[in-house]
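Chain by chain, the residues:
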Amino acid sequence: MDFDLTDEQRLLKDSVERMVADRYGFEQRRAYLALPGGRDPALWAQCAELGLLGLPLAEEYGGFGGGPVETMLVMEAFGRGLVLEPYLPSVILGGGLVAAAGDAAQKRAILPALAAGRMQLAFAHLERRSRYDLADITTIARADGAGFVLDGAKGVVLGGDTADTLIVSARIGGARCDADGIGLFLVAADAPGLTRRGYATQDGLRAAELTLAGTPATALGAPGGALGVMRRIVDRAMAALCAEAVGVMAAMHETTLEYLKTRKQFGRAIGEFQALQHRAVDMLVALEQARSMALFATVMAESDDPAERGRAMAAAKAQIGRSGRHIGQEAIQLHGGIGMTMEYKVGHYFKRMTMIDQCFGDADTHLAQLADAGSLFEAAEATG
Amino acid sequence: MDLNFTPEELAFRDEARHFFRTAIPEALRAKVREGRSLTKEEIVASQRILNARGWATPNWPRAWGGQDWSPVQVYLYQDEMQRAFVPPTISFNTTMVGPVIAEFGSDAQKTRFLPRAANADDFWCQGFSEPGSGSDLASLRTRAERRGDTYVVNGQKIWTTLAQYADWIFCLVRTNPTAKKQEGISFLLIDMKTPGITVRPIVTIDGGREVNEVFFDEVVVPAENLVGQENKGWDYAKFLLGNERTGIARVGMSKARIARIRALAAQEIVGDRPLIEDRRFREKLAAVEIELKALEMTQLRVVAEERNRVRGKPNPASSILKLKGSWIQQQITELLLEVAGPYAIPAQGNEDGSNEPAIGPDFAAMAAPGYFNFRKVSIYGGSNEIQRNIIAKAILGL
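These protein sequences, in sequence, are chains A and B. If you're matching positions, the first sequence starts at 353 in the working numbering and goes up one per residue. If you're matching positions, the second sequence starts at 435 in the working numbering and goes up one per residue.
Calculated from the structure, these hints are not laboratory results. Just so it is clear, CB atoms sit at the ideal spot from N, CA and C, and this is done for glycine as well.
Within a straight-line C-alpha distance of at most 35 Å, the following computed DSBU-like cross-link-like pairs (lysine-lysine) qualify: (1) K827/B / K703/A; (2) K810/B / K672/B; (3) K672/B / K616/A; (4) K474/B / K666/B.
Computed list of chain A residues with no C-beta within reach of chain B, every gap over 12 Å: (5) A397; (6) A400; (7) R460.
With the hints as constraints, model all of the structure from the sequences given.
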């Protein structure tokens, strides 16, 4: 048992961290946000050059065959930089779904383009009433010749404003929350009947609302039983989000410590006050617990047992949500007024952290799921 | 990164699991499971079974009966032992005075004390805290004055756990009253039968007798019972307190206690359904399990880091083990209190030998005393506030 990185993983970590350090200073990021579309396309190209866009993809599709550990390293660094690129929606969710559900031709058509930065994907699963239930789908897919047409609406499609191809979940049968009857469909961004309203999110990222009215689509794999694969890829995305959150939390904690050491009041650094020291320690405890659960999520992300994997992800996401809220609120409070300003970095971390909790189930949602799913610990029975 | 145990480690775990659940009598493990106090004879008997296999003191140097286990093996040993509700070894013997004597003691002291400490032939207790020296331990005032080839000890220790069972006490005593406070302290081994020693019990809020006051009135101690050098006792105490940091989280014990609460909550009926079917209760249980899982991972991170660790330099993760571990242990006692419900109310003896039938379900008798008693875990061994001071200084640089 070890938590060591391989040499290749260490190299990856260094290169991503270097990119973030070079390109994601606070002022640089502000400048990207002011650009049309809220980010600098050159950075997406740089991600492609570094091999990040193909990182989790198989080598035959121009990828590097990376696993959850590689994703964790990228996401943690991205969290520290509050990176604006749609890595999670396009590479982790989009690439993951195509690789898991697509047929050979679809993979050949999409994945190399994704890895090269020529194509961006997004996963449109959420609807107005579905909240965190992946099976709660009312968008309908009807067979139409060799393909399908879709009718319905999707919301808060992360990265959906600039995606070239949207992966849309829709029903070919079953009632609103049924596990069966769900398919995944590829929809071109310029497909007829698709309206897309792009917008900025609270944390400076981008998303879109979609309406589909007789919109032509191609099934990604055989439609009907897609829920399992959706869960698997969303679990992977949750592990990635947990890692990103650890980067965000670590940055908030470091920034707060730095502030405690430099801000002087009453003739001394405020970090000399015990009341504040103890709060900084409790932030560290929350951070280390979150880091531990992000690692747990990482090692469980590829488990073939959906129940075991689901429990692990629920536990990790709940811990991340709790720790993140605690650290975020304390980071703002310990900074005082400056923490409230747009001009200062800590508030931006706070906002990203808050939105991470709202993604794929907040802490209470996952706690409730885990409460229904049984214990996290296997029983230790005598073996003889 | 590979968080799987190797086949050898898994085999070791199974061996430990089998051994603890077959070699240690069920009656002893049941008492630990139910949170009842063990008699001295029971504690000693359990440690002797472990020692017969060399498993009472795996952390000691090989030459003195240690096992040279890897950090992972030590972790699995502790985890399995706690999960099987095996009575803990006398920690004063096995993780405190033993390692100090093995590291700093004379050859004569090693030969005389270590085998007996391992086999619980001597029952040790710890004389550190004093009425005026709790968190500020180095301010201790118990004096040891050198007279010829003896020390004469005067003063008082407090919170001395199981002093009523003890044959020996290892004490921090002041040998140089004029030096800076950490620099005038020595580490002295004192036979509890020496004239001038009085032990007075302190009854804790759970009604239990674990801790005592120990008074020293002109107690004459042979100078050969000084460990290491005079006035270097603070260094040895720091070594002692720096030892064995991973066991402090008690993750295995908490796992076992949660499993027990699940089982009890499945039997306890609320209205017409078991308590475990109450979503609100299950969410509370799940919340504690999540923190415990995180702590287990944190502990594994510390274990994995052990081999790279620079001695004396704390791993940031290890610092949280006590803070979080104590919080979880306390939460679990609250959950048991909730399972017991109104049958937590009757005051029932914790002592053996009562012929009275239990009032209410068996498990309920110890629910409230267990809750009361476990308020201690965030106080002893350096209160959680002191832990935060240490972390703020040593890790956060505040």
